[in-house]
Structures are given as C-alpha cells and as structure tokens.
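*Asks:* Modelling step: build the complete structure from the supplied sequences, incorporating the hints.
So the sequences go chain by chain: A and B.
In terms of our numbering, the first sequence is residues 1 to 272.
In terms of our numbering, the second sequence is residues 1 to 222.
Derived from the structure by calculation, the hints contain no laboratory data.
A quick note: this is a predicted structure, and the numbers were derived from the prediction, not measured.
We put the CB at the ideal spot given by N, CA and C, even for glycine.
Heads up, a few of these hints could be off.
Lysine to any residue pairs mimicking SDA-like chemistry, simulated, CA-CA at most 25 Å apart [unchecked claim]:
#1 Lys92/B to Ala259/A
#2 Lys88/A to Phe27/B
#3 Lys102/A to Ile50/B
#4 Lys141/B to Ser224/A
#5 Lys186/A to Asp210/A
#6 Lys60/A to Glu40/A
#7 Lys11/A to Val62/A
#8 Lys141/B to Asp232/A
#9 Lys203/B to Arg13/B
To list a few chain B residues with every Cβ distance to chain A over 10 Å, as calculated [what the hints assert, rightly or not]:
#10 His19
#11 Leu63
#12 Gly76
#13 Ala80
#14 Lys141
#15 Tyr172
#16 Gly195
#17 Glu218
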Amino acid sequence: MDKAILYDATKCTACRACQIACKGWNELPAEVTTNRGTYENPPDLSPDTWLKIKFKEVPKNVGIDWLFTRRACMHCTDAGCVKVCPTKALYHHEFGFVAYNKDICSGCGYCIEACPFDVPRSTRNLLTGIAKVDKCTLCTTPGLDRIAEGWEPACVKTCPTDALMYGDRDELVADGKKRVQALMSKGYTNAYLYGERELGGLHILYVLDDSPEVYGMPLNPQVSAATIAWQDVIQPLGWAVGGLTLVGLGINYLVAREAKLTKELPGKREEE
Amino acid sequence: MKQYVERYRKPTRILHWVHLSAFVLLFLTGLTLFIPQLGFLAQDSWSRVIHRIAAVVFIVAPLVYIPMNAKASLRGIKDAFTWNIEDIGWLKAAPRYYMLCDEEAMPPQGHMNTGQKMWWFMVLVFGAVFVITGLIMWFGKTTVPATLLLWMVFIHDIAFIATGVMLFVHIYMSVVHPLVRPLRTGAWSSMMTRGKVPVEYAKSHHGKWYEELAKAEEATDK
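*Replies:* Below you can see the structure in the form of structure tokens.
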C-alpha cells in the first residue's frame, strides 16, 4: 500500500516551519544566507536543505497572487534517479517513496542529471570527483526513520495549518480530488491535483488553485530521452554484445584448435 | 638471413603496456558503475578517483609519446585511415583463416593486417571519444546542462562497449588463438622485451610487410 504526502497550496502560509522541522529531524545544519529582499530562504535546495518553500509573485488585475510551493523530492513512481543509480543507493521504499542509502552512494551524480524536478544535490570535489548526494528521503533515512515507527514525516507533523497531510496515497488522491472540485466550484477553474498521474504517480500530491505552469511546476515531467536511451538501450546492448563476443571467441577457440590439430597431425588423428 | 625481425620499437612497446594498464584500470573501475552487483566497489567514490588517475595516464602517455616519435606516430595515424581493396581480401578470407586455421586462404598482409587495423582505428577514434566525453563529465559536472551530461555518459558507454569487447578480441587474437601459439614464436613476442618475431612468423602472418623489409635490407646491402 503506497503512502503519500498531500500538500494543499491553498492552505500553506509559507511559515516554513516544515523547513525547520526537516533540518531538525534530519540533523541538517542551517546555512548562512544573505538577505535577497524576499522571505524565500534559503535560495535553493542543497545537500543540507532537502525541503524549502518556493515563493512566486504572479501579477493580477488588482495586486498580485503570492503563490507558495513545496520544493523537495517528489518521490516519483517512474523515478529517473532510481533508474540511473549504478549502486542502487536510490531505491523504492515499500511505501513507494524514493528512499536513499547514503553509505553506498558513489557520488557519480547521474541522479542529479536524470531528475525531472532538479532535486538531488551533492557535495562535490570537482578535481577528485569525490562526492555524496543528498535529498529528501521522506523521513526513511536509516537511524532517523520516522515512517518505520508509524509516525508522520517531520514536515507534516509540524505543519500548523494542515497544508501537509500524510496517509494512504489512494485516500489522499480521493481527498485531493474533492478539494480540487471544491476550488473549481468556487471559481478557480484551473484548479489541479498535481502528482496523481505525473511520472506514474508522485508520492507528493499538490492541490493547486491554478494550473501547474502558474506555480512554476513542470506541466508534463518526463524521464529524459537520454536516460531511456542509455538505460534501456545501451546497457542491455552492452550485455548482449559482450556476452556474444565471449561466446563467439569460445566457439572459435574450440573450432580453430581442432582444425589446427587436424592439420598438424593428420596421421595421428586418423589412427584414433 | 636473420632469424628474428623487429616488429615494435621500444618506445612503442612501452606506450602499449602503459596505455593497456591504464585502459584496463579504466575498464574495471568503469565496470563498477555498469554492473549493479559490483556497485559496492564504487562506494564513497573510490573507484571514480582511480578512474580519474588512470584517465590522466591514458591521456598523458600518448601526449608524451607523439612528440618523441613524431615520424612513427604520423605513419601510424596514416595507416589507420588508409583502406583499400586488399582489406576486402582479408575480410573474405578471415572466416576460413581464423575458424579453420587455413593459412593458404589469407592473402599476404602488411605490417598491420586488416583486423589489426580495424582495432587500431577504433583505438584512435574511441580513444578521442573517451577523452572528450570524459573531460566534459569530469570538469563540466557542475556547469554543463544535465541533459548534455547524460548524453556524454551515453556516448562514453558506447565507446566502452565497443572497445571493451574489442579488447577481449585483441587479447584473444594475440595470445589465445591457435595461430599465434606457442607464445614465444607468435604475436606475443612482438610486444615483449625484444619486440621481435621469428622470421617464419613474419612471413606467414605479415608476408607483404616481410617482403618490404627484405627489399629494404637488400637496398642497404648494395
């Protein structure tokens, strides 16, 4: 049974308590940032910031809409990062999340390149290539696993307006649809439940009162063609070509050795 | 007449073994990211660090060799891109020759036979592909667009599969195939300490090349 988080953008006040709770629970240090003239802070995700609220100002006929979205791993069912991870440090949790075993991360960074949402971040030495990736594990990090305890993720637990809910994915999808219906009946005709179908179903669902584009979310996120060409075509091809070559060389050896022996010792072969 | 002829000069032999060692290291450390079951070897980036060290050797070795052996390098590169009708003859004879050890079927070959030339051509082309895509992935990791980096891995992988497979073939053809046995009288000896092969081997495996050698020797004798 898949679990999920439902984020209701219409209820979010951007208090950013979820950001603090995430750092607190996952023992992530604060980052020193500078005032950029916005409440949005820190400016971006980082190895130490797995969750942040993104602010967006959209001009309206009168005034502006001040829109908030949650930026963190979307825990895709069809996850590009899991597809490319060579060490299987990124894997699907039994509840459908994209869990992460940092100990076996090789730091290759393919997940960063394959993520349609630009989420994973790494600490990286460009010269040596030594690196480690980090991202939201939906509170399944070994040793800090709230989900295994049957608890809500830290961000959900702390959310004061219940803009974040945690539970069975099916129930949350049904709940989200109801909320979208309610928004539509109130005149928000572009209201949308994001994550129901995107990438095979995300495990973070978004109730939006406008189209995803307005919120700055990718309309039709896809695992990139490069990822598919590499993982589904080239890798199997490598096994096939490598395997056939070894088998071919083996056959060649047996046939050629036999032929050479026959040539060199015709009399002896006939006697046998 | 001499009993042995030199096939590869000392600098060439050194380059061969240095480059091969670097390539095998690159191949094995690359394999840790290709085979999930070997993924544990890539933990904490160490196989990627070795990959980079080997890459430096892989790039620097020819850069040192080429200026010191400019004439040989130029000739070698020219050879790789010189193809003609005689190569078809090799291709036609290859199945009989390599499967049935029918040495009569094979027309006389030059210093490199067509198969060796194919491998040498791949070494040059895919070597360049490896270096270009590798350097982009190494130093462009944080600046180059993500999609481009993924395509670089894709191309790097194609080169990896092609040259990896050909490396098996190369090793097989030079030390395992019945026609190059026993080792001390076969291709193996051309890359070993003296770089020489028996005249018999030169005649039977590289007849055209041997004739050129013999002619050149005659000319100097006169």
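*Asks:* Is Lys11/A close enough to Val62/A, meaning Cα to Cα at most 25 Å?
*Replies:* 21 Å, holds
*Asks:* Is the claim that Gly76/B lies outside the interface with chain A correct, judged by CB distances over 10 Å?
*Replies:* Consistent with the label, Gly76/B stays out of reach of chain A, its closest Cβ about 26 Å off (over 10 Å).
*Asks:* Checking the smallest CB distance to chain A, is Glu218/B really beyond 10 Å?
*Replies:* Label holds. Min Cβ-Cβ 33 Å, cutoff 10 Å.
*Asks:* Between Lys141/B and Ser224/A, is the straight-line Cα distance small enough, at 25 Å or below?
*Replies:* Distance ~18 Å between Lys141/B and Ser224/A Cα, so the pair holds.
*Asks:* Would you check whether the claim that Tyr172/B is not at the interface survives, using Cβ distances to chain A and the 10 Å cut-off?
*Replies:* 5 Å, violated
*Asks:* Given the hint that Lys102/A pairs with Ile50/B, test it: the Cα-Cα distance must not exceed 25 Å.
*Replies:* 21 Å, holds
*Asks:* Below or equal to 25 Å on CA atoms is what counts here, so check Lys141/B against Asp232/A.
*Replies:* This hinted pair holds, its Cα atoms lying about 23 Å apart.
*Asks:* Taking C-beta pairs only, is Lys141/B more than 10 Å away from all of chain A?
*Replies:* For Lys141/B, whose nearest Cβ neighbour in chain A is about 6 Å away, the distance does not exceed 10 Å, so it is violated.
*Asks:* Decide if the proposed pair is consistent with the structure: Lys186/A and Asp210/A, CA atoms, cutoff 25 Å inclusive.
*Replies:* Roughly 12 Å between the alpha carbons, so the hint for Lys186/A and Asp210/A holds.
*Asks:* Does the claim that Leu63/B lies off the interface hold, with its Cβ farther than 10 Å from every Cβ of chain A?
*Replies:* 19 Å, holds
*Asks:* Confirm or reject: His19/B is not an interface residue toward chain A, with every Cβ-Cβ distance exceeding 10 Å.
*Replies:* 21 Å, holds
*Asks:* Going straight from one Cα to the other, do Lys92/B and Ala259/A come out at no more than 25 Å?
*Replies:* Distance ~19 Å between Lys92/B and Ala259/A Cα, so the pair holds.
Hints 14 and 15, counting from the list given before, are not met by this structure.
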